[in-house]
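**Q** I would like the entire structure built from these sequences, with the hints used as guidance.
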Amino acid sequence: MELRNEIKAIADTEGIDFLGVAKLSPAHDAIVAQGGTDIARFPRAVSIGKTLIHTIVDGLSVPANARVAQLYRYYCYDLVNDLLDKVALRISSVIQAQGFAALPVPAAPRAVDAERLCGVFSSKMAAHLAGLGWIGKSCLLVTPEAGPRARWASVLTDAPISPTGEPMAPRCGDCQVCVKACPAGAFTGRPFHPEEEREVRFYASDCDEHLRAMKAEIGLRVCGMCVKVCPHGKRASQNNAIQADAPVSRR
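Going letter by letter, the sequence shown gives residues 12 to 262 in our numbering.
Calculated directly from the structure, the hints in this document are not laboratory data.
By construction, the Cβ of each residue, glycine as well, lies at the ideal position given by its N, Cα and C atoms.
There could be a bad hint or two in this list.
[Unchecked claim] Distance condition first, Cα-Cα at most 25 Å in a straight line; then the derived DMTMM-like pairs of lysine to aspartate or glutamate:
no., residue 1, residue 2
1, 97, 124
2, 191, 169
3, 191, 177
4, 97, 208
5, 34, 156
6, 191, 220
7, 34, 220
8, 34, 206
9, 245, 89
10, 191, 69
11, 19, 69
12, 226, 206
13, 97, 156
14, 19, 40
15, 19, 169
16, 97, 220
17, 34, 13
18, 226, 126
[What the hints assert, rightly or not] Label-pair restraints from in silico Cβ distances:
no., residue 1, residue 2, range
19, 228, 173, 23 to 33 Å
20, 216, 252, 28 to 38 Å
21, 110, 223, 39 to 49 Å
22, 110, 227, 16 to 26 Å
23, 200, 155, 14 to 24 Å
24, 78, 47, 20 to 30 Å
25, 25, 112, 20 to 30 Å
**A** What follows is the structure, given as structure tokens:
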């Protein structure tokens, strides 16, 4: 079986919602700065994503509801990350079996540099370069299908797999909903520009401080307001509800 088809078969079997291949050369300098030359030596990345459960995301609030926060942490972080990591491993094994190099990048927050508050590689950037979405003012990957309500992992590789698309242009326009909703005030409202440092758009330390406060208050590092309030994600949730309420045709 052709490698691309084998990867797609794995993704379909495991319930992965987003699958793409990115050419990484446009972001080479940023990848070196974040993860070093060992990470930047790979020319491509397989990007995988899983949509979050809308009912749980819609229940997030400020002040936090501990019950909803527990559900969000378990189903929208822990289990989704486990699934993405499992699929990244399977894809890596398939690529390696065909004689190519592969390096799975764990889903956040496991590969986090505690000092710089970032991972060794941005799976959101890989998804963006694969044409799966754009980087929003929340620094999240926003997709047309689910908004920012998805989690991501990557497999870095030198396998000759053709890219699936081009980086998607931002569709946020003048919207500032996520900026205004952030309890930490961590977003500046500046649109994404690939040549700019993350700090121009996002104060990671302010976000981390808020999450530490949540840990002290409810026992969990959970917020998710930027994920909840994005109009693109809310639209996806509403569309899902409409489909669920639609009458079933019986023949």
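**Q** All hints are to be evaluated individually against the structure, with a verdict given for each.
**A** Status of the hints after comparison with the structure:
1. 97 with 124: Between residue 97 and residue 124 the Cα gap is close to 22 Å, so the pair holds against 25 Å.
2. 191 with 169: Violated - the C-alpha atoms of residue 169 and residue 191 are around 41 Å apart, more than 25 Å.
3. 191 with 177: violated (30 Å)
4. 97 with 208: violated (31 Å)
5. 34 with 156: holds (22 Å)
6. 191 with 220: With Cα atoms ~18 Å apart, residue 191 and residue 220 stay inside 25 Å; holds.
7. 34 with 220: violated (34 Å)
8. 34 with 206: holds (17 Å)
9. 245 with 89: holds (22 Å)
10. 191 with 69: holds (17 Å)
11. 19 with 69: Judged against 25 Å, a Cα distance of about 30 Å means the pair is violated.
12. 226 with 206: At roughly 34 Å apart (the allowed maximum being 25 Å), residue 206 and residue 226 break the hint.
13. 97 with 156: Given that 25 Å is the threshold and the Cα spacing comes to 23 Å, the pair holds.
14. 19 with 40: violated (29 Å)
15. 19 with 169: holds (18 Å)
16. 97 with 220: Status violated; Cα separation ~30 Å.
17. 34 with 13: holds (19 Å)
18. 226 with 126: holds (19 Å)
19. 228 with 173: 23 to 33 Å: violated (48 Å)
20. 216 with 252: 28 to 38 Å: holds (37 Å)
21. 110 with 223: 39 to 49 Å: 45 Å Cβ-Cβ, so the 39 to 49 Å window holds.
22. 110 with 227: 16 to 26 Å: violated (50 Å)
23. 200 with 155: 14 to 24 Å: Taking Cβ atoms as reference, residue 200 and residue 155 lie about 22 Å apart, which means the hint holds.
24. 78 with 47: 20 to 30 Å: violated (41 Å)
25. 25 with 112: 20 to 30 Å: For residue 112 against residue 25, whose Cβ atoms are near 22 Å apart, the range 20 to 30 Å holds.
Checked against the numbered hints given earlier, this structure breaks hints 2, 3, 4, 7, 11, 12, 14, 16, 19, 22 and 24; the rest are met.
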